[in-house]
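Novice: Sequence:
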Amino acid sequence: MTTLPPLAPRDLMRLPAAEGARRVAIAFVDAATAARQRLEDPDDTEALHDFRVALRRLRSWIAVLNDEWGGGIRRRHRRRLRTLSRVAGAARDAQVHLAWLRDIEEQFRPRERPGADWLIRLAVKQERTTLAALHAVFDKDLDSALGALLDDLAVYAVRVDLRSDVPAPTLGQAIAPLILVRAATLADRLASVQSIQDEAVAHAARIAGKRLRYLIEPIAEAVDGGPALVKRLRHLQDTIGEMHDVQVMAEAVIQAAEDAAAEQTRRVATAMLEGAAGDEAVRREQARDPRAGLLAVAAHLRSRGVSAFAQLQQRWLGEHARELEDATRAFAEELLAHGRDETPGAPAADAPALIGEAAGGSTSSADARKADAVVAHDAPAGGHVPARRPARENADAAAPSASSN
Numbered sequence: 146m147t148t149l150p151p152l153a154p155r156d157l158m159r160l161p162a163a164e165g166a167r168r169v170a171i172a173f174v175d176a177a178t179a180a181r182q183r184l185e186d187p188d189d190t191e192a193l194h195d196f197r198v199a200l201r202r203l204r205s206w207i208a209v210l211n212d213e214w215g216g217g218i219r220r221r222h223r224r225r226l227r228t229l230s231r232v233a234g235a236a237r238d239a240q241v242h243l244a245w246l247r248d249i250e251e252q253f254r255p256r257e258r259p260g261a262d263w264l265i266r267l268a269v270k271q272e273r274t275t276l277a278a279l280h281a282v283f284d285k286d287l288d289s290a291l292g293a294l295l296d297d298l299a300v301y302a303v304r305v306d307l308r309s310d311v312p313a314p315t316l317g318q319a320i321a322p323l324i325l326v327r328a329a330t331l332a333d334r335l336a337s338v339q340s341i342q343d344e345a346v347a348h349a350a351r352i353a354g355k356r357l358r359y360l361i362e363p364i365a366e367a368v369d370g371g372p373a374l375v376k377r378l379r380h381l382q383d384t385i386g387e388m389h390d391v392q393v394m395a396e397a398v399i400q401a402a403e404d405a406a407a408e409q410t411r412r413v414a415t416a417m418l419e420g421a422a423g424d425e426a427v428r429r430e431q432a433r434d435p436r437a438g439l440l441a442v443a444a445h446l447r448s449r450g451v452s453a454f455a456q457l458q459q460r461w462l463g464e465h466a467r468e469l470e471d472a473t474r475a476f477a478e479e480l481l482a483h484g485r486d487e488t489p490g491a492p493a494a495d496a497p498a499l500i501g502e503a504a505g506g507s508t509s510s511a512d513a514r515k516a517d518a519v520v521a522h523d524a525p526a527g528g529h530v531p532a533r534r535p536a537r538e539n540a541d542a543a544a545p546s547a548s549s550n
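Count along the sequence shown from 1, add 145, and you get the number used in the working numbering.
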């Protein structure tokens, strides 16, 4: 599904906001399609990760389009995308958990092996089940879902008020206040993380950081300090993601311990009921007790979680959270400065004023009713959307671009 040729980040951020955002989203549709094709190769261990990340970025930018520029992506298509993302996420989580268990399985002592092997068998079954569910969704819905999204993204309408002399915002100008708002949200959530027990709050901070990074990535290279900021946000996500993985796996181990205890009790009871002939069977079943191995896995998880939280404290909490917010604010202000330099006749605007616009909406319904013209833009495959810049733009939506996870 080839669509639009890629643009350099500096060119992308100079486009009218709706066009630029949609081009970013279309790039993510392409990335998801390419990753889907790689999933047919069983040796490509990163294909599922890349597919999941492309869907996440796509959903993030579609949300921006609908929230900030009036929508245009039909609800049923967003629901289909959400289902795809959920199923892909479950499959990737199962893949990651199994890989971790494989990595540490040589560290278990002989008496811990039964429990470790029992948990690995469960993880293998979970991976197979979730991958089967993912491929079932692929066969049923993937091509049509991505194709329908592409149609919604490539064609859109723009309202123009010919009486206004205010130039339409570029993509860089439009997302700068959103970046500032998301940076403040991230800082607030990081400030609420006080201990390793605050996993839910930390996970909320991870989501906030991810959404912030997804906004910045498509144009990061056009601004000084942009790539370094993206790298910092990615490291933050990885650190808190480690804590979250530990929490998810810990819940799986607790459930496994309950199931294993019930199964072990049943087997031992069955052997005991066989009488004297069952004495040897009882000893064999007791030697196969999985609880020691499950406790060993729990200990590994605890160590992993403590290490991740220590790193979070040292690099991201307290004054470090404020440093990250300051770096993000500098990036947003640089975006605005680029916009003032490159937009003829653009009035000077500071970041706080634009934050207010983002929160309250920059175009009222009364303004929209003034529109003297509606211009339809069509971005055909391989074609170029005319660089028409209306006086006022109220696009249906905005979208993402492709980068890391």
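The set of hints was computed from the structure by calculation and includes no laboratory data. By construction, the Cβ of each residue, glycine as well, lies at the ideal position given by its N, Cα and C atoms. The reader is advised that the hints may include incorrect statements.
No farther apart than 20 angstroms at their CA atoms in a straight line, the calculated lysine to any residue pairs in the SDA-like style are these [to be verified]: (1) 270 - 302; (2) 376 - 478; (3) 270 - 289.
Across the chosen pairs, the derived CB separations fall in these ranges [stated by the list, open to error]: (4) 269 - 472: 40 to 46 angstroms; (5) 415 - 224: 46 to 52 angstroms; (6) 227 - 465: 29 to 35 angstroms; (7) 380 - 337: 37 to 43 angstroms; (8) 220 - 187: 33 to 39 angstroms; (9) 472 - 309: 33 to 39 angstroms; (10) 212 - 369: 25 to 31 angstroms; (11) 393 - 482: 40 to 46 angstroms; (12) 393 - 302: 39 to 45 angstroms; (13) 415 - 228: 38 to 44 angstroms; (14) 254 - 187: 29 to 35 angstroms; (15) 465 - 284: 45 to 51 angstroms; (16) 212 - 474: 33 to 39 angstroms; (17) 186 - 231: 19 to 25 angstroms.
Novice: Would you say the C-beta atoms of residue 380 and residue 337 sit inside 37 to 43 angstroms of each other?
Specialist: Since the Cβ atoms of residue 380 and residue 337 sit about 20 angstroms apart, the hinted range of 37 to 43 angstroms is violated.
Novice: Given a hint of 25 to 31 angstroms, does the C-beta separation of residue 212 and residue 369 actually sit inside it?
Specialist: holds, 29 angstroms
Novice: Evaluate the given range 33 to 39 angstroms for the C-beta pair formed by residue 220 and residue 187.
Specialist: holds, 36 angstroms
Novice: Please check whether residue 227 and residue 465 have a Cβ separation lying inside 29 to 35 angstroms.
Specialist: For residue 465 against residue 227, whose Cβ atoms are near 33 angstroms apart, the range 29 to 35 angstroms holds.
Novice: For the pair residue 415 and residue 228, does the Cβ-Cβ distance stay inside 38 to 44 angstroms?
Specialist: holds, 43 angstroms
Novice: Can you let me know if the beta-carbon spacing of residue 212 and residue 474 is within 33 to 39 angstroms?
Specialist: Between residue 212 and residue 474, where Cβ atoms are some 21 angstroms apart, the hint is violated.
Novice: Does residue 270 pair with residue 289 here, judged by a C-alpha cut-off of 20 angstroms?
Specialist: Answer violated: residue 270 to residue 289 is near 29 angstroms, above 20 angstroms.
Novice: Does the Cβ distance between residue 393 and residue 302 fall inside 39 to 45 angstroms?
Specialist: Once the Cβ atoms are compared, 43 angstroms apart, the range 39 to 45 angstroms for residue 302 and residue 393 holds.
Novice: Given a hinted range of 45 to 51 angstroms, is it respected by the beta-carbon distance of residue 465 and residue 284?
Specialist: holds, 46 angstroms
Novice: Per the hint of 19 to 25 angstroms, is the separation of the Cβ atoms of residue 186 and residue 231 within bounds?
Specialist: At roughly 24 angstroms between Cβ atoms, residue 231 and residue 186 fall inside 19 to 25 angstroms, so the hint holds.
Novice: Can you tell me whether the CB distance of residue 254 to residue 187 sits inside 29 to 35 angstroms?
Specialist: holds, 32 angstroms
Novice: Given the hinted pair residue 270 and residue 302, is their Cα-Cα distance within 20 angstroms?
Specialist: This hinted pair is violated, its Cα atoms lying about 48 angstroms apart.
Going down the numbered hints, you'll see the structure goes against 1, 3, 7 and 16, while the others check out.
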